[in-house]
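Here are the chains, one letter per residue:
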Amino acid sequence: MPISFFLPLTAGNFTAYMSKRTNDNTPEPRVEKRIRSNAHRPGFRASRLRDAEVEQVVAEASQIRKINTHQGRTRSKTKKRVHATTGGEPNASTSTTDASPQSSTTIQTSTSKATPPPPAKRKRDRATTQTKLVEWLDLRDSTLDELLRLDGLGPALEVSKCWSCLTGEGTHRCLDCGHGTRLLCVGCMVTKHCELELHRVEVSMQRNILFYFVC
Amino acid sequence: MLTPAQKWNGKFFEKTSLSNLGLRIQLGHDGASCPCPCPGPQGFMVFDVSGAHYVNIDYCGCRPDDPMDRRTQHLRHRWFPATLIRPQTVFTFDFLNTFHELTLQSKGNLYDFYLTILRKTDNANITIKIVSLFAYEQHLLTCTQNRFPEVHRTFRLWRNLMSLKRAGRGQDPLGVGGTEPGGLTVECPACPHPGKNLPAGWENAGALRCVVCLDFCEQC
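Residue numbers (my numbering), protein chains in the order written: chain A, 1341 to 1555; chain B, 170 to 389.
Looking at chain B on its own, in the form it has when it is part of the complex (with noise of 0.2 Å):
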């Protein structure tokens, strides 16, 4: 679906891709047929790890009166939407998760994944005009669609998403909307807790409590 397909044209293979010989996706039925598909919009771009595509999609026509039911089709594709209403930009789930872990890593930041990303596309820019902010290259970012805010804003609501997964507030009752302030942070193993990672009766160490709090936590 997202695999980039090449084509010889007589003297070597150029790039094209799946959408380019016809291929449209449909969503909201688990890859099957929808009885009334309404066609996305033009230019719908895919970021993925194999890089930034661009597709035909069709909507699930079935419930035309729920405008975030389309939001729920891209969800359920794995595709999260740039944004909340006619989105033409979406990030897949494995994109985000992969930026989420390289910057964990190796602290990398976001403008260089999105540019490897898009070198990884089109490495001489010279298919697909999507994206640069080269210094040199200003006078494509009239014509071109940058997306490096629709990226880092989406990446901003998936790390806090992934905090408050972790934190299990999808099981919570109250939602997201009841989470405590500190919430979602993760205790430090290595501070001392009283009933935790000390001994009992550390309260009666008088002076020398400082030393046996830290000769304790240095044990576990």
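So here's chain A without its partners, still in its complex pose (with noise of 0.2 Å):
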């Protein structure tokens, strides 16, 4: 897989790339660029992106997510270079040959819309660290959701009985074994303890109410 992975990045791809180029010297479009130009702000409130910045940017990861995932890391970038020209703009061959001067400018500005990115992006510069940092961004209500459920109940919230004996108020758990969350009555918490003397115990003095360590 590494072989096929790196191959387009080599010699003769990228020659046989810069020889189906153009001879116009525009610009290649850079994506990434206004993503690290933020990194080097000064500041904290400087580097903050604002809202509408972040949702493209969380746009943008997801569509390099979906390449990732659907399209696999063995498909070639040429291929995918290839069909996006051949299918994307089929007017722009037939209208490189007018020659004139200011189709030629509608020219670049439509292709400079619909091609990708050159294909020398490497794998690196596709996920960086604020990339997914940016991500993590709309995942953080759930996640501290997730931590306050199991500062709680959790998912013993509905059970009020011993999760071992079945007969018993459970109102203590263990930190360190059942991963938290089961219940247990006291003389179940004391028995399995036994050797386990060390574990971090908590209980509930109130159903609904946090849990406190027991000293």
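Among the hints, a few may not be true.
Coverage of chain B stretches by chain A, computed from C-beta distances (three or more under 8 Å per stretch; other residues unrestricted) [to be verified]:
| id | segment |
| --- | --- |
| 1 | 209 to 217 |
| 2 | 364 to 376 |
Cut-off 20 Å, straight-line C-alpha distance, at most; resulting in silico cross-link-like pairs (SDA-like, lysine to any residue) [as the list claims (entries may be wrong)]:
| id | chain 1 | residue 1 | chain 2 | residue 2 |
| --- | --- | --- | --- | --- |
| 3 | B | K334 | A | G1494 |
| 4 | A | K1472 | B | N315 |
| 5 | B | K184 | B | K289 |
| 6 | A | K1472 | B | F317 |
In case anyone wonders, no lab produced these hints; they're calculated from the structure.
Cβ atoms here follow ideal geometry from the backbone N, Cα and C, with glycine treated the same way.
Once you've looked at the hints, go ahead and assemble the two chains, each given alone in its own frame, into the complex.
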């Protein structure tokens, strides 16, 4: 897989790509430049992305994820580029024969929008730390809810009996066994921790109230 | 589960793990068995205070349509996944919480704590080839898996989550997005705040205003 993954970056493919380009001096569209330039600004406020920029970066990151998951890493990038140029703009190749300066400017703008960025992007450019952090911004609420859920009763919200003996009142839990979610009665808790005496035990003084450490 | 086990080989006790003995950890059902388990990735690594462990996990496959369900399964197991999709490394809440307390108390850095965990796992770096950033082990970097960037990024998320949690953003209906600028900071108890630690009529002190403020704040 690594050989086929790095195949599009070889010199032969790159020269073939360069020969197919038209001889205009238009700069290539650089998508990642705007994201990186923010990192070099001084100060925390200046480096923080605005809301519209955050949405755009999240959309770009999700597209990158789609490419990675659906098309796979083994698919060559030259195939994707050829597919995009042939299917995307059919009039671009025909209108280049007109050679009028006014139409050439319109062609340049249209091709720069339709074609993807050049295939010389390496793997580490696609998912940087900042891209991952921005992608994580949407998950802060759900992650925080999960943390708070673990502080409360969690899955034992509707179960009041002991997880082990099914008869006693489940009021205690151990953070170091049972993933900290199983409620046990006092007898079962002591019995199970005869050889695990240093585990951290918490008690719920009242239903639907947070747990406290047992000292 | 993450407890290191030892095996007597006739001469001495050698290190082994419960995953080598055939233990598979089932996620999503609070430790119970799942009717349709999906095997997790190979080489799944869990970082705990007790060390770095290779474990075999099984995801719950009861809801295959939800791609974020696996992330929730990790979180309910008190594991923080290092990446969003298809994680192969998780950090226990105890691991992250321990370093958070350590760095607040002793100003220790993450690199040393990370290497401490690796030393604790395998001090001579013989059996488990995880990680090493030492200069004399540069040749190992090509064939080992360095998890320090994952630790670094995950702890940034954890520290932000803890500040959000302590600011009460989880109970706010607006959620995390409704946090005002400066809403996560702790109000300084030593600074003068009118109506809280300043006497009535402090505005009328004239030129002695600063003296009144400082004197009263020292008493508080």
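Against which earlier hints does the structure fall short, listed by number upward? Hints 1 and 2 contradicted; others consistent.
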